[in-house]
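Trainee: Residues per chain, in single letters:
Number of protein chains: 4
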Amino acid sequence: MNYQALPDCQFGRQDYSNKEDAMLGIGLIGAGRIGSLHAENIRRSRACRLVTVFDANQNSGQALASLHGASAVPLIEDVLLNTDVSAVFVCSPTDTHVDILRRIAPTGKAIFCEKPIDLNISHVRNCLSVLEERSVPFTIGFHRRFDPHHRALRDAVHNGAVGEVEQIRIVSRDPAPPPISYIKRSGGIFRDMMIHDLDQCRFLLPEPLIGVFAKGSSLIDPEIEKAGDYDAATATFWTTRGVTCSIQNSRRCAAGFDQRIEVFGSKGTLSLENVAVNSLSLGDGSGFLSSKLPEHFPQRYNEAYRLQLEAFVDAVSSGRQPDTRGYDGLMSLVLADAAEQSARTGSSVVIPS
Amino acid sequence: MNYQALPDCQFGRQDYSNKEDAMLGIGLIGAGRIGSLHAENIRRSRACRLVTVFDANQNSGQALASLHGASAVPLIEDVLLNTDVSAVFVCSPTDTHVDILRRIAPTGKAIFCEKPIDLNISHVRNCLSVLEERSVPFTIGFHRRFDPHHRALRDAVHNGAVGEVEQIRIVSRDPAPPPISYIKRSGGIFRDMMIHDLDQCRFLLPEPLIGVFAKGSSLIDPEIEKAGDYDAATATFWTTRGVTCSIQNSRRCAAGFDQRIEVFGSKGTLSLENVAVNSLSLGDGSGFLSSKLPEHFPQRYNEAYRLQLEAFVDAVSSGRQPDTRGYDGLMSLVLADAAEQSARTGSSVVIPS
Amino acid sequence: MNYQALPDCQFGRQDYSNKEDAMLGIGLIGAGRIGSLHAENIRRSRACRLVTVFDANQNSGQALASLHGASAVPLIEDVLLNTDVSAVFVCSPTDTHVDILRRIAPTGKAIFCEKPIDLNISHVRNCLSVLEERSVPFTIGFHRRFDPHHRALRDAVHNGAVGEVEQIRIVSRDPAPPPISYIKRSGGIFRDMMIHDLDQCRFLLPEPLIGVFAKGSSLIDPEIEKAGDYDAATATFWTTRGVTCSIQNSRRCAAGFDQRIEVFGSKGTLSLENVAVNSLSLGDGSGFLSSKLPEHFPQRYNEAYRLQLEAFVDAVSSGRQPDTRGYDGLMSLVLADAAEQSARTGSSVVIPS
Amino acid sequence: MNYQALPDCQFGRQDYSNKEDAMLGIGLIGAGRIGSLHAENIRRSRACRLVTVFDANQNSGQALASLHGASAVPLIEDVLLNTDVSAVFVCSPTDTHVDILRRIAPTGKAIFCEKPIDLNISHVRNCLSVLEERSVPFTIGFHRRFDPHHRALRDAVHNGAVGEVEQIRIVSRDPAPPPISYIKRSGGIFRDMMIHDLDQCRFLLPEPLIGVFAKGSSLIDPEIEKAGDYDAATATFWTTRGVTCSIQNSRRCAAGFDQRIEVFGSKGTLSLENVAVNSLSLGDGSGFLSSKLPEHFPQRYNEAYRLQLEAFVDAVSSGRQPDTRGYDGLMSLVLADAAEQSARTGSSVVIPS
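Chains as they are written, first to last, in my numbering: chain A, 1 to 353; chain B, 1 to 353; chain C, 1 to 353; chain D, 1 to 353.
Since the hints were derived computationally from the structure, they do not count as laboratory data.
One or more hints might be untrue.
Since the list gives no way to pick out one identical chain from another, each pair is judged satisfied if it fits inside one copy or across any two copies.
[As the list claims (entries may be wrong)] Here are the simulated DSS-like cross-link-like pairs (lysine-lysine), alpha carbons at most 25 angstroms apart as the crow flies: (1) K267 to K226; (2) K292 to K267; (3) K184 to K115; (4) K292 to K226; (5) K226 to K184; (6) K292 to K115.
Just so we're clear, the structure is a prediction, and the values are computed from it rather than from any experiment.
Produce the complete structure using the sequences and hints provided.
Mentor: In structure tokens:
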């Protein structure tokens, strides 16, 4: 057995510090659900490491930092001044984003900002101007763009698998409504839910959406209506050429987290079905029972978040701007606003270009 | 019902006489594609028999009659006066329907009329009044209502499988556009194609559709646009409660005859997928290739047509009015008209009740 | 409306007799389940007609004959002497087949015989010799060969879709055991059930099976064991080249009539899945429930029986021998016998060639 | 358990020290394909960390160690004497396992050993005796037991979803044959491939397999035959009660890494289908093309390896013996040996208990 015949030699302990040096140092602002999700992926990555965490709730920040061997800091400035931090993840509530982005801009640190940048379009425009002026490496969190399934769909569309795109159909439904407190701050179903579908349409289509007719419904929970939001929405968007996108959203879906998209074109139809939790089925006298849907987005888009992180770190480390730009966040918000306006007025709305 | 008042008549042939006596005698007006399809099903049925055929094209009528051992006649009156004929199938071009129905009405014979009764709603209303006045057993050919798959869907919805219905999604696409000559007479994509989907919605929903926004597109063939029609259409209908129905139609589909419907409700989602031609799949380095879609509606709805015939014959033979009424044909046309109007004006349209 | 402008001319009533003349006249021996199934398909066919029916139980014969406008006769000779009868369907119990075939042989009538010809191989050989001597057009009822799904599989295999065939897997399971009385006469699970799978293997493979190891089990009903039969069976067959066929049978299957086959080869895998009753699925918190299996063989192989009839009538009417020969019935029985012997002895068995 | 008796030790680095203290220190022997896979999962885990790596090939060991910030050592003893190492992963070639296990046994360190322990059953028995004598926490790498899909299957079977198990069907096929050099050392298709299926049967069944008939084939590559191995295998195993397990293996599968299992019982059928790479399908005139199979086991069982690691670390950290025992490795080898013997002799073989 020749493994015994190896020469007797010594290897020193690998120095962690060198490796860490090569890893992009990340500061995290916001230690809530989505911040925690990013922190876990940062820890697993070979290309970056979590340096420090800030959260308005000091205990939350400390708990998350401890979990991943990072420091917790009491002030956002502590993150911004930390020279080990090369990139900042902004995962705080939406209404804090613009202020934080403006404070990060002068530091030269790269920024990953959870969507939306802001619910007010002119605030978004102004904020993006500031970032652009300083050429801040910036991306916005449209994680679905990195989901391997959606990526396969996009690649197939771009490679001409369906020829000219003619009709898109999207279903996205959450398993259960979020807390009313979230709904009150989220900007409503078009801005917190349909916005992801709208980014998908933009990601898939070679041409801009120019008009929309949307219908909002209150079918699930009267409290949502009282909070000024719809709990279900249906919209048709279209392009100059006459391509249409039909979207159905619901804040509650008995089957689970329902995420499907279909692209119909001159040469074929691409369907992205739900991803099953497992590949098991049970056949008996009732028929065949197959797997449930994923519980919610962290289960469904687990790998998408990881790949999104890797793509951001890779771009920043290579001195490139990330592919998903602030403009993408802005345009999806413009589309969501137009849908909301259509639902409120009962008329179709022209998308401002 | 006065079709029972027909004068006695004698059947000559020995062996079959008793059996034929018990079989509903059918006269067929129109020996085209759909008429031929009905004739074949009539021949296979134990409950009815084809007595006589009229077609404006004498050769077509004779050919079909010969194939099934029936007589061919040169005048519609020959059908109407034939005492062996207890029920008439009206399968002639749409613009002849109203005149023919008015001529059948006084004979007391039962009527199966292909949809639509007419493209003009007031003509339809007037014609239906005449039929109702005389209590003519009458049905309209919405074959999908008899398709075992659609029937299973409807039964499941009515049995509460999804709870309260909230969102419906329908795709129906033809494999290839019909001849331009057909398009010029058909009333357009909303009246010849979407009308089936609209009848489906009415079949499934416990409440009426009250509004629509529709978008027509010209994506496939400029000749269709020149003929004044769209070749693709997308529509959203809604009810007072806020239930929405999203429909996508196309006159061309590379994958074949695409017919899907999904009903989403408070307790679950019912999906009616396409019916595959066979249950074979081939796995290799490219992935798994499974069966094509049915070629077109005769292949897909073969069994539906047969069951539609049996249900009509059974109702007439039992002295009952068929379940699918003239009113169903009228209401679907009203919905299709509203969609057309929306597409032409760019505004949503209130459905006249 | 030009349908009114047709010239006034008369068409005589089509003469049924001419049409019937052209239709192959069929005599049916045995009015049980399978005989009734054939009778229904004969009635629906344009190419043949049921002339007369014999059944040992006179009431059964009369009932079936009446249903289809045929005569019922009290003696097999009445069928054989009937000059309107060009082909005889032998659907009586297995142990009567050989005697009946021998009596038909001299009449020159074509024969469709339900499988198996007999449970005793030397009886089968002798009987086939008699039929061959007289060049009687003869076929044996292996309906699966005509099933469109199985046909698609066979065609794909023969067209090289999987390259060289290497491994076959077959499952066939009945929903529930037949009556013990049937089991006592059927020859057992290998001869009444696996025999269909064995004919499938022969239909698919370019080379003969040369050996088998089979295992019989008594898992379901002790009464079946008492009757001397197994209620479940698993077998491996092989060819000289080393291709293997794995077969699993069961007399009871909670999910329904389970019929699957898979052909694995050097270039890919062809899978023939079960045919669902409908294309509906229901998604909710439990997962996705899709359609049941067909209830039993008449539901699953409905179309196969019809196509088998048409192929037989077409061959006989054209003066050709049907494709499925008596030899096919013999060889499948040889394979089934070898499997039975293996199960009884616990050793592998060489297939006699 | 004596691995707790390890001398105290100090960790130097500031930030991580507390965290590392709590993490199980792992030494890796063998830095090949499977060792690298484990190393990656160890790095991602919150519960353990890679301390040191030994490989007979010094460069391989160093490369893997560097990648994960661990040390590389020139002698196995360096691993065994390292007090930071609480558990050793044995991922070296099979023929080195027994010697290495015997050397680890006295150290009190826990052991994760890749299967098989050895190809010689008496060597395995002796080695396990030594480990048991010293109560070494020990597990063997049957990763499929931790795959969420297989786990769901097992749980469903144990919860009675199919009632009494009656028939099992397993397909496992590799995309392409391994190098001939591997085949020469692996013990052959039954011991390196079917052994996983046999462990699955044992995992699923409440009763032991008592007999086997197996057939080996040489269909793919004559070099494999020259090396004394089969490249395809089919086996039937059975229990006293008459439950049968049909297994088909192939060393080459055009469709990819094919892994399916089906459990048929008195109340239903559980089918574990392949896991698709993505949920996309493309429909066009050829039919519907859906996703490829996973490339090979690291892609398919990625999550299974991770969960296997976590379960091992959790058991060891909690002072429990891991669930998968050395006995499981032994019994699967006994079954594989019996299958090999059956294939070589052409007779069924009784499994030694």
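Trainee: Are the hints correct? Go through all of them and say.
Mentor: Taking the hints in turn, this is what the structure says about them:
1. K267 to K226: between (46 angstroms within a copy, 23 angstroms between copies)
2. K292 to K267: Between copies, since 14 angstroms is at most 25 angstroms while 32 angstroms is not.
3. K184 to K115: Intra 16 angstroms, inter 49 angstroms, cutoff 25 angstroms: intra-copy only.
4. K292 to K226: For K292 and K226, neither the intra-copy (32 angstroms) nor the inter-copy (44 angstroms) Cα distance is at most 25 angstroms.
5. K226 to K184: within (10 angstroms within a copy, 50 angstroms between copies)
6. K292 to K115: neither (28 angstroms within a copy, 33 angstroms between copies)
Hint check: violations occur at hints 4 and 6; the rest are consistent with the structure.
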